[in-house]
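Peer 1: Single-letter residue listing:
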Amino acid sequence: MTAPAQADTGEGEGAPGSPAVAAPGSPAMAAPGEPPATAAPARKDVSTGRRALAAAGAVFPGVVAHGTGHLILGESRTGWTLLALEGAGAGLAVGGVAGAAVSGASRRVIAPIVLASVTGVGLFGISLLADLYGVLAPEGGTGSPPSSLPWVETQLGLAYVHDPTFAYRTFLVPGMDLRLSSLRLSGSGWFGLNDDNARLRAEAAHRFIGPGTPDGPSAADGSFLELEGALTHHRYTSDDFSITTGEVTLQGRLDLAHIGRTLRGSFAEMGWGIAIEGYRNGGRPFEGNELLIPHFAFGMYLGHAGYPRGEAKVVYGHRHDGYAGGAKIPGLGSGVPGHLGLQGRLYASPRWGLLADVQAGSAYVGRLSLLFRPGDSP
Amino acid sequence: MILRDALLALLALTAPLALSCLDVAEGRARRDREVGKASQGQARVAVDEGLAAIRRLEPGELSLWASAPALSIRLTDEAGGPWRVTIENMLADAELSARVGDERVPVELVDAPFPTQRTFRLSLPPGAEVTLSLRPPDAARREPWRFAVFADVQEEIDRVQDIYAKMNEAEGVRFALISGDLTSQGSAEQLERFQREMKTLRVPCYATLGNHELGTRDDLYHEWFGRGNFRFVFRGVQFTMLDSASATIDPLVYGWLDGWLAEGQELLHVVTMHLAPLDPVGSRNGAFASRAEANKLLTMLADGRVDLTFYGHIHSFYAFENAGIPAYISGGGGAIPERLDGIGRHFVTVDVEPPGTIAQVAVVRVD
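Listed in order, the protein sequences are those of chains A and B. Sequential numbering from 1 applies to the first sequence in the numbering used here. Sequential numbering from 1001 applies to the second sequence in the numbering used here.
Because the hints were derived from the structure by calculation, they are not lab data.
Beta-carbon label-pair distances, calculated as ranges:
#1 Leu158(A) to Ser1039(B): 47 to 55 Å
#2 Leu250(A) to Pro1355(B): 49 to 57 Å
#3 Lys1037(B) to Asp196(A): 36 to 44 Å
#4 Asp1258(B) to Arg351(A): 49 to 57 Å
#5 Ala1319(B) to Ala88(A): 37 to 45 Å
#6 Ala1319(B) to Asp196(A): 29 to 37 Å
#7 Thr170(A) to Glu1061(B): 53 to 61 Å
#8 Glu1049(B) to Ala84(A): 53 to 61 Å
#9 Arg351(A) to Ala1262(B): 49 to 57 Å
#10 Gly95(A) to Glu1189(B): 31 to 39 Å
#11 Phe1320(B) to Val109(A): 16 to 24 Å
Far from chain B, by Cβ distances over 10 Å, these chain A residues were calculated:
#12 Val46
#13 Ala56
#14 Ala65
#15 Val152
#16 Tyr160
#17 Met176
#18 Gly189
#19 Asp195
#20 Leu225
#21 Gly375
Reference listing, derived: stretches of chain A covered by chain B, where coverage requires no fewer than 3 residues with Cβ under 8 Å from a Cβ of chain B:
#22 108-115
#23 334-340
Since the structure is predicted, the reported quantities are computational estimates derived from the model, not experimental observations. Quick reminder that beta carbons are idealized off the backbone N, C-alpha and C, glycines included.
From just these sequences and the hints, can you work out the full model?
Peer 2: This is the structure:
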């Protein structure tokens, strides 16, 4: 059995997901130094009342002091770690905003400021959601990570985009991932069905650590680190312009079981990247610009063994291109923030699965795709 | 079980998506359509194309804040009688005339307390629609002339007189454009204060709003300054001001812009807005939320043969091109300056040589 591959390349979030299928009791399911998650390890006896109090505490004051839920639950080490992550995240975010204010968002220092700020917001959000997950998830977590990824995975989906500025609405979205050991090649396309609009994207990624194809070394869990390069060409034919983007991103996932056993089944992702874009407006010469594309996510594996199983994650992407673009926010703040998204993959069998994806930025984007892993894939 | 958990998890996580709102500028675009229209008792007033904010309408009393050098105003009073019409933010040498049909109605200048403010007196025939026409003497002249552009005063309103003093010294400036962020929060007090500070200027300033005008409510700016999206023509140049304060242009405005671009094809065309479609420093993205929308707008402007674009929001000075159109960011009104750029407070002057040449865009440093 294998996990889903990377073929969520549609909007270029990177952040390859991969729920999966580790044999019960395999190292992939265990937090370091702890028994396998699928074995539903013994957990301190916690009364229902205390668990409810912990859940309430994870909301308030947990929204302010992340880890409160775990502290109430008696998982002090995890609670303090989450609080420390929150502190680090808040420090980076506040420091970033302060740096931008002091420097007047100077062109000479703004790139590291943006990257630090997004990382800070990511740590802040991840620690908040991890606290909630840890007090609400069932014993052993909601699922287990993959031990390997398929050689090939294809997808075919339909997408709906509501952008008040553009006429397009519906898209056909095919895609494919090919894996060879630690290398991944992905391709995808968005083809407008009611408008002349098309987005073609090719990705190549090298995975330094983490689950790979079944013939590679066995991964300890779902955590990974990879470098991804991508080329995207987006034609807005009816609006007479195009955007061509080359980008590189260093991205990774950490299974949060590394932080505490209550977080088994959850994961966090971070990525830092930069894109160079070329715009062609009508027949005019290309004009260039750059774009920082950090992203972060918090997610959970769904299912320990058998089917259905998959994963779901909430994602922030700082990129302002693509269909979703950046967020429009009432008041002062529009322009700088990127978009939010939710993505879920669920496999009904070793071969067939579904990918659901929604994003909210300058547009609302929804996609539902059928995933297929050919028979000779593991 | 897995399916249910997955659905519940997805549902719980959808809340953040509600933070994004696609129609952030729609309310303001709709409000634009109401600017310049009012009725009170038996009196009605309508300013053509909404080119002035009606600051006050009472029996016998009308006060306007002009958004353009030339205005056409239709005023009707069923009761008739004497009226005082006050126009703020007008060219000092502009004259007001009045007509009912082909018949001229006498207008008397009664007060000129500031260079850009005049109060006129006239008598309205009962029930008749009187057309008031404010016209500067050089509106149609085809000779070289100059205008100024600035933006981003925000919290530095206490020092704005330095800028105005330099602007008053600049020879030949007929008016200034403000590309937004007049205030720090857009409160009524701050909008009032900005208008009060402008009284020392010898020339009017035609403004669009910036994101800082949205800091309190987004419906106050229109009361004080009028439309955020509008255009006017002066001395062979069309000026189009767009409201990009929410890092987007409302779809309603794209419809208006189509017409404005068509009408401006044969003129020099200057487009001004607060947030630039694209920040020349892309990693900062002090620009539109969507690069796709940015390119759509720029393609429209380029296809519409726009000659010059001015932006604010970034507190420095940049000269670049977007979609082949010369572009300038001038955000030197005093708000936290971009460091390490050696620019500081400034405004720019633009020399126009009709019929179709921008002779020079010059930075005037204030500090």
